[in-house]
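Participant: Listed below are the residues making up each chain.
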Amino acid sequence: MNGVDLIKACSAIGAGLAMIAGIGPGIGQGYAAGKGAEGVGRQPEAQGDIVRTMLLGAAVAETTGIYGLIVALILLFANPFF
Amino acid sequence: MNGVDLIKACSAIGAGLAMIAGIGPGIGQGYAAGKGAEGVGRQPEAQGDIVRTMLLGAAVAETTGIYGLIVALILLFANPFF
Amino acid sequence: MNGVDLIKACSAIGAGLAMIAGIGPGIGQGYAAGKGAEGVGRQPEAQGDIVRTMLLGAAVAETTGIYGLIVALILLFANPFF
Chain A
1 MNGVDLIKAC SAIGAGLAMI AGIGPGIGQG YAAGKGAEGV GRQPEAQGDI
51 VRTMLLGAAV AETTGIYGLI VALILLFANP FF
Chain B
1 MNGVDLIKAC SAIGAGLAMI AGIGPGIGQG YAAGKGAEGV GRQPEAQGDI
51 VRTMLLGAAV AETTGIYGLI VALILLFANP FF
Chain C
1 MNGVDLIKAC SAIGAGLAMI AGIGPGIGQG YAAGKGAEGV GRQPEAQGDI
51 VRTMLLGAAV AETTGIYGLI VALILLFANP FF
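Residue numbers (full-length UniProt numbering), protein chains in the order written: chain A, 1 to 82; chain B, 1 to 82; chain C, 1 to 82.
In case anyone wonders, no lab produced these hints; they're calculated from the structure.
Keep in mind that a hint or two might mislead.
As a list, the in silico SDA-like pairs of lysine to any residue whose alpha-carbon atoms are at most 20 Å apart [unchecked claim]:
#, chain 1, residue 1, chain 2, residue 2
1, A, Lys-35, B, Leu-56
2, C, Lys-8, A, Asp-5
3, A, Lys-35, B, Thr-63
4, A, Lys-35, B, Ala-59
5, C, Lys-8, C, Leu-69
Could you build the full structure based on these sequences and the hints that come with them?
Facilitator: What follows is the structure in structure tokens.
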């Protein structure tokens with residue numbers, strides 16, 4: 001075993017850890033989906049506006065999950081350490 | 001033990017860690033399911049719109065779980081480190 | 001100790017970690033079950049629609065738990081590392 005192998009091994013663990021960030025968007029977007037479904041049930045005539053607002057908010061909530069994915073992909077495919 | 005074996009061992013841990021992201025979509029989509037069921041109970045005539053909105057939002061909430069799965073599968077079957 | 005033993009040991013940890021994903025569907029589907037029961041109590045005549053919506057949403061919420069199970073089973077029975 002040499003040092004680069006240790007770096008690669010720990011980078012694999014780091015990539016897995018980074019994905020745990022996905023917990024947050026999953027919970028948050030699910031909450032938005034639930035509230036969106038609730039709103040559509042109450043005011044079906046406002047469905048377009050409700051869904052648009054829901055998706056806009058969900059897109060914002062997605063960002064930290066994307067950050068985690070980007071860091072994982074950097075560790076895997078563009079690792080600056082070796 | 002050689003370096004590649006260490007990388008493989010840590011990749012197995014990394015793949016397991018990446019799956020923890022699944023906590024989020026599980027909670028979020030379940031919340032959406034609950035709100036959808038509640039909405040249908042209140043406005044059965046809006047069932048189609050409610051279920052469509054619920055499923056659309058749940059699909060968005062699924063994304064970070066899919067990211068975690070992709071990273072796990074990369075670590076398992078397309079590992080760039082060896 | 002040889003390398004394959006280390007891979008097997010860490011795969012056992014990885015398989016266990018992957019199952020932590022099950023926290024999410026457990027909470028989410030439980031919430032859906034609670035809201036479904038609440039809705040049926042309020043509108044017993046809508047029971048069929050409420051339960052169908054609840055089960056559809058719960059099936060979606062199950063997916064990330066299944067992903068974790070699949071990754072754990074791959075690590076245990078179809079480990080690509082040795």
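Participant: Taking the hints in turn, state whether each one holds.
Facilitator: These are the hints, each one checked on the structure:
no.	hint	verdict
1	A:Lys-35 - B:Leu-56	holds, 12 Å
2	C:Lys-8 - A:Asp-5	holds, 18 Å
3	A:Lys-35 - B:Thr-63	holds, 19 Å
4	A:Lys-35 - B:Ala-59	holds, 15 Å
5	C:Lys-8 - C:Leu-69	holds, 17 Å
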